[in-house]
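Asker: Place chain R on chain S using the hints.
There are 2 protein chains.
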Amino acid sequence: MGIEIERKFLVVGDAWRAAPAVPYAQGYLNRDKQRTVRVRVVQQQAWLTVKGANAGATRAEFEYPIPVADAEQLLALCDGPLVRKLRRVVVHAGAAWEIDEFQGDNAGLVVAEIELPSEDAPFEPPPWLGVEVTHDPRYFNSSLATAPFSTWPEARGRA
Amino acid sequence: MGIEIERKFLVVGDAWRAAPAVPYAQGYLNRDKQRTVRVRVVQQQAWLTVKGANAGATRAEFEYPIPVADAEQLLALCDGPLVRKLRRVVVHAGAAWEIDEFQGDNAGLVVAEIELPSEDAPFEPPPWLGVEVTHDPRYFNSSLATAPFSTWPEARGRA
Chain S
1 MGIEIERKFL VVGDAWRAAP AVPYAQGYLN RDKQRTVRVR VVQQQAWLTV
51 KGANAGATRA EFEYPIPVAD AEQLLALCDG PLVRKLRRVV VHAGAAWEID
101 EFQGDNAGLV VAEIELPSED APFEPPPWLG VEVTHDPRYF NSSLATAPFS
151 TWPEARGRA
Chain R
1001 MGIEIERKFL VVGDAWRAAP AVPYAQGYLN RDKQRTVRVR VVQQQAWLTV
1051 KGANAGATRA EFEYPIPVAD AEQLLALCDG PLVRKLRRVV VHAGAAWEID
1101 EFQGDNAGLV VAEIELPSED APFEPPPWLG VEVTHDPRYF NSSLATAPFS
1151 TWPEARGRA
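Residue numbers (the numbering used here), protein chains in the order written: chain S, 1 to 159; chain R, 1001 to 1159.
Do not rely on the hints blindly, as some may be mistaken.
[As the list claims (entries may be wrong)] Some chain S residues near chain R, calculated using beta-carbon distances under 7 angstroms:
| no. | residue |
| --- | --- |
| 1 | N30 |
| 2 | R35 |
| 3 | G52 |
| 4 | F62 |
| 5 | Y64 |
| 6 | V68 |
| 7 | L75 |
| 8 | L77 |
| 9 | E154 |
Please keep in mind that the hints were generated in silico from the structure rather than gathered at the bench. No residue lacks a Cβ here, since even glycine has one placed at the ideal position from N, Cα and C.
If we strip away everything but chain S, and leave its shape as in the complex, we get (with noise of 0.2 angstroms):
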């Protein structure tokens, strides 16, 4: 078990994009956010990964690798439409940020997580930082399957 402490932020501009992107395809066998239960798959990896609820920016990981044929099957048992993004990782002042592009009914969403040793951990902030929204349930990726950012009041505006 690990715990994962991170912050979550939208990303303006696009300096970012010059980091080469990876596709991840993402299902949920539970959406529940007592007990998350998530189905992920990255080129040729795969893995399945249990969440438990969020305490602020705070919560309990368990994550396991998994033969990437049986995740295959396991996103097709999946409960809703699969979240699909291109992940890049951006350093900035030695601080790794992960850039997540989301595809297909979440296109036009981006956002930047960076993990953090404690909840109040300081960090600097890049120059293409938006807003923050780690406590926006919205922006969780297990919402985003059933709830897609194209159906936001804010997609609608940029449109």
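Answerer: Okay, now just chain R, sitting in the frame of chain S:
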């Protein structure tokens, strides 16, 4: 991934009690029969298991060993009370029967399961075999967590 083909029966008499009994504890991260996610601890071993929807006696099953320390924490994340049972394996006419004697709120319920190569594969019924309940969803372990045997009319009839 495996395909699980099992038939399930009630058990009568006591002849099966001579076999050694191993305690099982299990809980569910999802009880949805389309995508059951089970955490199981058996002595010093533990597994995370995903099962798909039943099609007759057949079900897709994906099982992964996990650390017992993880499993203990995952059981605490589970939805509903844990299912506890004593499992015995009894060999009859060359076939291994798994006999589960439930405990706690499911005390009084004893079921026997046989794994088969096909749904219509022949087998020799042991003398302690009762009626078949393969297709009765009340007997799913995932159901017994939230609708235990003690709450059934059958159980009250036995008291």
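Asker: Out of the numbered hints, which ones does the structure contradict?
Answerer: Hint check: 6, 7, 9 fail, others pass.
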